[in-house]
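S.K.: Input sequences plus hints: build the corresponding full structure.
Numbering of the sequence shown is given in UniProt numbering, commencing with residue 1 and proceeding in unit increments.
Treat the hints with caution; some may be incorrect.
[What the hints assert, rightly or not] Here are the in silico distance ranges between beta carbons for each label pair: (1) K171 x R64: 32 to 40 Å; (2) R13 x D156: 20 to 28 Å; (3) N29 x H82: 20 to 28 Å; (4) P37 x D79: 15 to 23 Å; (5) N113 x L170: 18 to 26 Å; (6) R64 x D93: 19 to 27 Å; (7) A96 x A22: 32 to 40 Å; (8) A96 x T31: 27 to 35 Å; (9) E114 x G143: 18 to 26 Å; (10) L170 x H82: 33 to 41 Å.
Hint data in this document are derived by calculation from the structure and do not stem from the laboratory.
Just so it is clear, the structure is predicted and the values come from calculations on it, not from any experiment.
Heads up, the beta-carbon is just placed ideally off N, CA and C, and yes, glycines get one too.
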Amino acid sequence: MTYDPSQSTTTPRLTLVVAIDAQRGIGVNNTLPWRLPEDLAHFKRVTTGHPIIMGRKTFDSIGRPLPNRRNIVVTRNPDWRHDGVDAVGSLADALALVGHEPAFIIGGAQIFNESMALADQLIVTEIDHTFACDTFFPPLATGEWAESARVRHHSDTNNFDYAFVTYSRLK
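M.R.: See the structure below:
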């Protein structure tokens, strides 16, 4: 089961979307350390049609605004601009732009850390493999999150297992 905002009666306002390895690694040298096309397709299905919020380094690693989504980049550089992107100085400014519309945080580590306490939901691709990462997703605080969905898969391309997992904040 994947999260589909149009099918939910209680759509989360803020969802973090991330792929992590077995040690919670999310990147190395500002790139993904794995190639998992199934995860990229899942990411596209989940986020298309909704605002996505990311840090400037994450935007740089992608290299362009993602289509069919409002791209919001948080940067400390007030002069930073890019066509097709709303640039803001803080996570609070990004959230103010989206108002009550459901939005997705897509990275990087600093934005994930800042937004974790504000998120209603996490959509995590858990990769059953360890990579040489230099950037990590924060651990989930015990008693704050409950797993609400898990769909297991096997990547024939990479010969490792992974799962699309949804966590909901305990109220």
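S.K.: All hints are to be evaluated individually against the structure, with a verdict given for each.
M.R.: Comparing the hints with the structure gives:
no.: 1; hint: K171 x R64: 32 to 40 Å; result: holds, 38 Å
no.: 2; hint: R13 x D156: 20 to 28 Å; result: violated, 37 Å
no.: 3; hint: N29 x H82: 20 to 28 Å; result: holds, 21 Å
no.: 4; hint: P37 x D79: 15 to 23 Å; result: violated, 36 Å
no.: 5; hint: N113 x L170: 18 to 26 Å; result: holds, 20 Å
no.: 6; hint: R64 x D93: 19 to 27 Å; result: holds, 22 Å
no.: 7; hint: A96 x A22: 32 to 40 Å; result: holds, 36 Å
no.: 8; hint: A96 x T31: 27 to 35 Å; result: holds, 30 Å
no.: 9; hint: E114 x G143: 18 to 26 Å; result: holds, 21 Å
no.: 10; hint: L170 x H82: 33 to 41 Å; result: holds, 37 Å
Consistency with the previously given hints fails for numbers 2, 4, ordered from lowest to highest.
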